[in-house]
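Asks: Next come the chains, spelled out residue by residue.
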Amino acid sequence: MSDAVIKCESVYKIFGENAEKMLQEANGNVDAKTFQENGCIVGVNNASFEVAKGEMLVVMGLSGSGKSTLLRCISRLTDATGGKIFIEGQDLLELNNKELIDLRRNKMGMVFQSFALLPHKTVVENIAFPLQIKGINTDDSISKAMDMVKLVGLDGRENYFPRELSGGQQQRVGIARSLAVEPDIWFLDEPFSALDPLIRKEMQDEFLRLQDKLQKTIMFITHDFDEALKLADRIAIMKDGIIEQLDTPAKIVLNPATEYVRKFTEEVPREKVLLIEDVMDQSTSDNLGDLRVSKDEIIENVAEKILTQEKTAGVIDSNNKIIGSINPTKIINTVFGGRKNGN
Amino acid sequence: MEFLKKNPKIFQWLFLLIVFFALCFAIEVPETYKFIRGQAEFIKDPNQSTFVFAGKEVRYYAFDVFWRLPPLLGWLPIWINDSLFFLMNDWMPMEFWNEDTQEFKTRPLLLQISRNLTGFMTFIIELIREILLGGLETIVAFTSWDFIDANPWAELPGLPWTIVAAGATILSYKLSGKGLAIFAGLTMVYISIFGQWKPSMQTLSFILVAAPLSFIFGLGLGISAFKSKRVEKALYPILLVMQTMPQYAVLVPALVLFGVGDHAAVIITMIVAIPPMILLTLLGLRAIPPEVIEAGRMSGCNNWQLMFKVLIPTARRDILIGVNQVIMVCFSMAVISAFIGAKGLGFNLLLALNQLNIGLALEAGLCISLIAILLDKMSLAWANKQTDYFGNLSFFERNKNTIFFIGAFVIGIILAYIGTFLFKGTFNYLFEIPHNKGISTADFWNKGVDWIFDTFFVYIKAFNTWLIQEVLQPMRALYLRMPAVATIVLVVGAGYLIGGIRSALVVCGLTLFIALSPWWDRALVTTYMATFGVIISCLIGFTVGTLCFQSKSAAKFMLGVCDIFQTFPSFVYLIPVMMLFGITDTSVLIAVIVYATIPATRYTIEGLRSVPVGLHEAATMSGVNKFQRLTKIEFPLAFPHMMLGLNQTIVFALFMVIIGAFIGTEDLGQYILKALSDKNGAGIGLTLGICVAFIGLIFDNLIRTWVGKRKKHLGIA
Ligand SMILES: Nc1ncnc2c1ncn2[C@@H]1O[C@H](COP(=O)(O)OP(=O)(O)O)[C@@H](O)[C@H]1O
Ligand SMILES: [Mg+2]
Numbered sequence: 003m004s005d006a007v008i009k010c011e012s013v014y015k016i017f018g019e020n021a022e023k024m025l026q027e028a029n030g031n032v033d034a035k036t037f038q039e040n041g042c043i044v045g046v047n048n049a050s051f052e053v054a055k056g057e058m059l060v061v062m063g064l065s066g067s068g069k070s071t072l073l074r075c076i077s078r079l080t081d082a083t084g085g086k087i088f089i090e091g092q093d094l095l096e097l098n099n100k101e102l103i104d105l106r107r108n109k110m111g112m113v114f115q116s117f118a119l120l121p122h123k124t125v126v127e128n129i130a131f132p133l134q135i136k137g138i139n140t141d142d143s144i145s146k147a148m149d150m151v152k153l154v155g156l157d158g159r160e161n162y163f164p165r166e167l168s169g170g171q172q173q174r175v176g177i178a179r180s181l182a183v184e185p186d187i188w189f190l191d192e193p194f195s196a197l198d199p200l201i202r203k204e205m206q207d208e209f210l211r212l213q214d215k216l217q218k219t220i221m222f223i224t225h226d227f228d229e230a231l232k233l234a235d236r237i238a239i240m241k242d243g244i245i246e247q248l249d250t251p252a253k254i255v256l257n258p259a260t261e262y263v264r265k266f267t268e269e270v271p272r273e274k275v276l277l278i279e280d281v282m283d284q285s286t287s288d289n290l291g292d293l294r295v296s297k298d299e300i301i302e303n304v305a306e307k308i309l310t311q312e313k314t315a316g317v318i319d320s321n322n323k324i325i326g327s328i329n330p331t332k333i334i335n336t337v338f339g340g341r342k343n344g345n
Numbered sequence: 043m044e045f046l047k048k049n050p051k052i053f054q055w056l057f058l059l060i061v062f063f064a065l066c067f068a069i070e071v072p073e074t075y076k077f078i079r080g081q082a083e084f085i086k087d088p089n090q091s092t093f094v095f096a097g098k099e100v101r102y103y104a105f106d107v108f109w110r111l112p113p114l115l116g117w118l119p120i121w122i123n124d125s126l127f128f129l130m131n132d133w134m135p136m137e138f139w140n141e142d143t144q145e146f147k148t149r150p151l152l153l154q155i156s157r158n159l160t161g162f163m164t165f166i167i168e169l170i171r172e173i174l175l176g177g178l179e180t181i182v183a184f185t186s187w188d189f190i191d192a193n194p195w196a197e198l199p200g201l202p203w204t205i206v207a208a209g210a211t212i213l214s215y216k217l218s219g220k221g222l223a224i225f226a227g228l229t230m231v232y233i234s235i236f237g238q239w240k241p242s243m244q245t246l247s248f249i250l251v252a253a254p255l256s257f258i259f260g261l262g263l264g265i266s267a268f269k270s271k272r273v274e275k276a277l278y279p280i281l282l283v284m285q286t287m288p289q290y291a292v293l294v295p296a297l298v299l300f301g302v303g304d305h306a307a308v309i310i311t312m313i314v315a316i317p318p319m320i321l322l323t324l325l326g327l328r329a330i331p332p333e334v335i336e337a338g339r340m341s342g343c344n345n346w347q348l349m350f351k352v353l354i355p356t357a358r359r360d361i362l363i364g365v366n367q368v369i370m371v372c373f374s375m376a377v378i379s380a381f382i383g384a385k386g387l388g389f390n391l392l393l394a395l396n397q398l399n400i401g402l403a404l405e406a407g408l409c410i411s412l413i414a415i416l417l418d419k420m421s422l423a424w425a426n427k428q429t430d431y432f433g434n435l436s437f438f439e440r441n442k443n444t445i446f447f448i449g450a451f452v453i454g455i456i457l458a459y460i461g462t463f464l465f466k467g468t469f470n471y472l473f474e475i476p477h478n479k480g481i482s483t484a485d486f487w488n489k490g491v492d493w494i495f496d497t498f499f500v501y502i503k504a505f506n507t508w509l510i511q512e513v514l515q516p517m518r519a520l521y522l523r524m525p526a527v528a529t530i531v532l533v534v535g536a537g538y539l540i541g542g543i544r545s546a547l548v549v550c551g552l553t554l555f556i557a558l559s560p561w562w563d564r565a566l567v568t569t570y571m572a573t574f575g576v577i578i579s580c581l582i583g584f585t586v587g588t589l590c591f592q593s594k595s596a597a598k599f600m601l602g603v604c605d606i607f608q609t610f611p612s613f614v615y616l617i618p619v620m621m622l623f624g625i626t627d628t629s630v631l632i633a634v635i636v637y638a639t640i641p642a643t644r645y646t647i648e649g650l651r652s653v654p655v656g657l658h659e660a661a662t663m664s665g666v667n668k669f670q671r672l673t674k675i676e677f678p679l680a681f682p683h684m685m686l687g688l689n690q691t692i693v694f695a696l697f698m699v700i701i702g703a704f705i706g707t708e709d710l711g712q713y714i715l716k717a718l719s720d721k722n723g724a725g726i727g728l729t730l731g732i733c734v735a736f737i738g739l740i741f742d743n744l745i746r747t748w749v750g751k752r753k754k755h756l757g758i759a
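Protein chains in written order, with this note's numbering: chain A, 3 to 345; chain B, 43 to 759.
There's no promise every hint is true.
Result set (BS3-like, lysine-lysine): computed pairs, CA atoms no more than 30 Å apart in a straight line [unchecked claim]:
#	chain 1	residue 1	chain 2	residue 2
1	B	Lys351	A	Lys146
2	A	Lys253	A	Lys152
3	A	Lys100	B	Lys47
4	A	Lys265	A	Lys253
5	A	Lys23	A	Lys55
6	A	Lys232	A	Lys274
7	B	Lys220	B	Lys47
8	B	Lys442	B	Lys598
9	B	Lys598	A	Lys136
10	A	Lys109	B	Lys269
11	A	Lys23	B	Lys427
12	B	Lys442	B	Lys47
13	A	Lys23	B	Lys275
14	A	Lys109	B	Lys351
15	A	Lys152	B	Lys427
Since the hints were made in silico from the structure, they are not lab data.
Please construct the entire structure, taking both the sequences and the accompanying hints into account.
Replies: What follows is the structure in structure tokens.
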């Protein structure tokens, strides 16, 4: 078995009375329309993918596309109608209630769009809650929770009630709570969607900082493609319960698998997404200039440097070995050409 | 005509009214019909018709069926009664071990269950009562009377009042702080000094059993209804009927099942107090956002933790309103159940009212109200209490309340001991101030009442006469003049116009039940009094609410006043009106108006408040003045919520009208009161209660349906 932390095999979630029977009869060929006519709603349709350790998979899609449902299947907040889900090689659907609770108490953390804080508990009590549920005594859980309060930058507000905090601060509490038990797997369901754009950006940066430090395995849900691009190692794009494409941001922008995905990528500023590696020439001609750029740079960050040079720049990998070249024309084509294609 | 075409609803309503009045004029009053038929139901009269159903003979005066339907359900009360007796006395006899006689004895199952339940209740009530007041019963329960005779020392001594007062003060301080502590202290001292200690503690022991039990059962049932659709479906009709069932009416069947005394009172109180608790628990749990539940699950809660650490605390607001209701009902019942032998303030209050000793009644009523407010505030503070994890407190600081209480306990005992020397030969005032030895202001109040009566007699009498002759009598005559068929057409038609065929059927069923019972005329009188009360209450509540809404602090103040008034047991309202208007319909109606104005005011303010702030601003920006804003924007939007207030106003008014029977009215309440002293009254009492409940439910159904549609229409569902 691979080192996948989360692994889904043909997961289906269908809401409705005789969903299971209908799924069996459909024989793996689920059509949302026929199901709807029979009073069933298809939430997730044949989802298969893996998430590796330390990877951040962002699930993207319009509202109602089944993102939350998929996440809830993997956290087993609802039981999938069909398919298999493995968490660190363990079959999730085989777990009994006690094992499931153990898994959640030690391995999983989740952040919600509406924050979902307990209104009767203060900041620190909210964060200590999962610890106390685990049976850790009051003193230890509170002191651990205070560490988390500091981690998310809420020191001084630990005795506030959720209603006394702004949205961004409430979500910090939500994040701290989900991290309190030091889970390996971190689920976030549109954590920043309810926030103002400025705060959202601040929280995204904060989130990246945290992830840099913590290196969790993450499933992050959003309906905002820019957010997905900014955060993701890989993006899964969903529509009507189906995963239309699952790939790295650059590959999705360069090769949209379906018309639907292409529409999303149309407006995306390529220079912000694509890496040098994605557009460089494999050939390393001899008349390279002095400029060297790393293959992992985002185009936007080095475009100016390359464009001010006359000569082609060399592309190096992490060992400083030249593996390709990139000339200014290529940059110009990528930045402006892509958009022309879209029209 | 143009207008009618644009508003087809108005045309339909007009048509309904025309049909109604046409029926009223077309159907003559039968010559033999007397408006209220006095005692006719109990008199055998050759003019009466009879029919036999299920072995029960029903006698009645037959009229044209268009005028009054024959009481086809007349057998129901008798049947209920007989069934109850059969269940209690003959059903499933079994062998039970009898402790006293040390042998097996044959007893019907239900009787045995009732006896056990009764015994258990009596035991806990006595236990708490004897901790507060002292006594023998608890020790007897563990030993025997012989043991007591042999050991004269064996008696629970009871706590000196000083200790209870100090305890209440310290507890209030711990829960909420200085304000409540001062209130608690003053209340306790007042009760003691005015010689109300014993009855107050009797009432308190009753409440301390009834309220927690109602809370626990209500919460439990609410939770199981939340978890299982089937339980909810089973409970729903009971909850619905109990919501509008006058508390009086439940007394009678309970009398049969549980006998007379404090224990029966506790059981009855629970029956009345549990339904609102269930409803509010359910409401609160339903309103929890699903993500909060998921957050709880993801935190690793098992089912138990999820329920008690996540769901219930999150639903706390509604559950607290439930607690508040439970306490309210308990105090209300503390008075009402004096009819079936509950001891304490309620008994004194009823006795005083009966003797027309307004002063005494006022003192008892004040005590009940004070204790009710105190307990209400304490329970609220308890639920809102917070823990401080960071204060680095010394041992003394952490335990100061306990230490103070121990101190107060010791001092109290020493004081009581000193008292035995100080007041040798008389009463030990430092232990307990006996009922008749406290300060009494009763004379003062009675003189005041006399004075008011003497001074204003002419005016009061004139007002009274005018009201009765010019307003009430004609209104009552009008109601009674309605042929049954016309009434049914009107009500069912309204149901159809508001809620379609479904509503029409429900309302029709409810009305038919009343029309086919032997008490249609009485129900009309009840309705007329309630209608009168509701109209005036709404006018007052609406005006006061709107005025108070103009200022934030006034609105807050008014809501606080409503809270406090709501805590008063319903009977208390009868005291001041009897002071002023004596024993007349006017008294009842004024009590009804005062009582029913509370929800009318509250819902007006809350409704206006619920109008989104954005709309206010938008309106102000478009240059609307204050009055226009009120009439064009706030009222239309607040109206649905205000209609729910009307719903509550009707329920409150009905309750008070029924209680008004105590003063003397000629409606359903009078018969319920009669049933209380009737050996075979259980069936009659219950059926009458259901009739009253159905009157409430008819309005409830119409209003709720209308509000639902209206809210959808306004997009604020
Ligand atoms: N409990 C449920 N019962 C029935 N249908 C549901 C339920 N939860 C979600 N759905 C349906 O499943 C689909 C996907 O919903 P969801 O996963 O919440 O979308 P997203 O999170 O992407 O906005 C929607 O059409 C929604 O109506
Ligand atoms: Mg969602």
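Asks: If you check each hint against the structure, which ones fail?
Replies: 2, 3, 5, 7, 8, 9, 11, 12
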